[in-house]
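Visitor: Below, each chain spelled out in residue letters.
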Amino acid sequence: MHEMGVAMQIVEIATASIPADLIGARVEKVNLKVGKLSAIVADSLQFCFEAVSRDTALEGARLNIMEIPVRAVCNACQNEWTIDLPAFTCPQCQSGDITLLSGRELDIESIELAEEDN
Amino acid sequence: MLLDGINTIRACHHKEGHPHHHPHGTDQPVETHTHGGREIKVVRRVLDANDIMATVNRKLFAEKKLFVLNLMSSPGSGKTTTLEKTLQHLMPDYRCAVIVGDICTTQDADRLAASGAPVVQINTDEFGGDCHLAAHVIEKALGGLDLDNLDVLIVENIGNLVCPAEFDIGEDKRAVILSVTEGEDKPLKYPLMFRECDAALLNKIDLLPYLDYDVRLAADNILQIHPDMPVFETSAKTEEGFTPWLDWFKTAVKEKLG
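For the protein sequence lines, the chains are L and P, in the order given. For the first sequence, position 49 matches number 49 in the working numbering, and the numbering has no gaps at all. Here the working numbering = 1-based position in the second sequence + 1000.
The shape of chain L in the complex, shown without the other chains (with noise of 0.2 Å):
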């Protein structure tokens, strides 16, 4: 639902990645990576980039979202193992005392500049 938030902040945060010395650069790729417990719905920030992008660096670019899953490491028996289901518990040990190695991200990794015409 703050997907518009989410969008703004991406454009902010791209812009500002931009070198200095590349001016006029366009952005044709963001690549993100989204964490399947995060509350963001890739489609909605599609569309609420392509309006917030409009008259920037960034009109027109892709964005490429990863999804990562949902990784845990039980702390009672270090097993590792990818949460499919919303249960939380170590399916090899039952104990709740669990890390949770990823699955939380909202993370520009990278941006992608188009090629210059000259």
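Treat the hints with care, as some may be off.
As the list claims (entries may be wrong) - Straight line, CA to CA, 20 Å or less: simulated EDC-like cross-link-like pairs of lysine to aspartate or glutamate:
{"hint": "1", "chain 1": "P", "residue 1": "Lys-1189", "chain 2": "L", "residue 2": "Glu-12"}
{"hint": "2", "chain 1": "P", "residue 1": "Lys-1186", "chain 2": "L", "residue 2": "Asp-84"}
{"hint": "3", "chain 1": "P", "residue 1": "Lys-1173", "chain 2": "L", "residue 2": "Asp-97"}
{"hint": "4", "chain 1": "L", "residue 1": "Lys-29", "chain 2": "L", "residue 2": "Glu-12"}
The hints are simulated quantities; they were obtained by calculation from the structure and are not laboratory data. All values reported here derive from a predicted model rather than from experimental measurement.
Given chain L, work out where chain P should sit, using these hints.
Guide: This is chain P only, laid out in the frame that chain L set:
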């Protein structure tokens, strides 16, 4: 090199329990190198700006010796009534204040003001009709409170089980309220919320005689998402089951304030 970057970010993530974000600082890329002059590494959390502001808030709360609870819930689960009753029990021992978030209206603030606690109302439509309270919105609201003369601040977040879970506001503890008029499966549908909170209230148990509601199943579903989380079965109306909730709250306050 790329993997190093990712690991750094991961280390900064809240692994479990509470997020303790470190500001990543500047607007400059963390690490810049190019592939054929075209790809620029960024490796930054999109919500960096919120995390940085939350860290500022958390530092201020520590300086002012202020315990902050972020109270979240679905709409209509009894959040304001729970808060009214909770304030009644806390006010004799602690100087309390409330920040209330709503998309519209000041009805909750009006109700809570009757408790005698200072109340700051935030209507998020001024901030774009947001579905959650972000850290910078809390920071603005703090200006309306005398932090030197407060022990406990409760933030009544927007009624929504999705977005508020994503935004750290600098709080010490998070609690979520669900009511027995909602489905038992709600925790499974909104795992992030139940994963991120430190306590859950299953409210309106006074209505159980009139409902086909399986309290055990609802509690088990919460525990499936967050195995060690305390789940309090409460009725804010009759105050049934309120003692364990208040005990949890007071223990958390004492942990911080001593």
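Visitor: For every hint, state whether the structure bears it out.
Guide: Do the hints match the structure? See the list:
1. P:Lys-1189 to L:Glu-12: 32 Å, violated
2. P:Lys-1186 to L:Asp-84: 17 Å, holds
3. P:Lys-1173 to L:Asp-97: Between Lys-1173 (chain P) and Asp-97 (chain L) the Cα gap is close to 19 Å, so the pair holds against 20 Å.
4. L:Lys-29 to L:Glu-12: Holds - the C-alpha atoms of Glu-12 (chain L) and Lys-29 (chain L) are around 15 Å apart, at most 20 Å.
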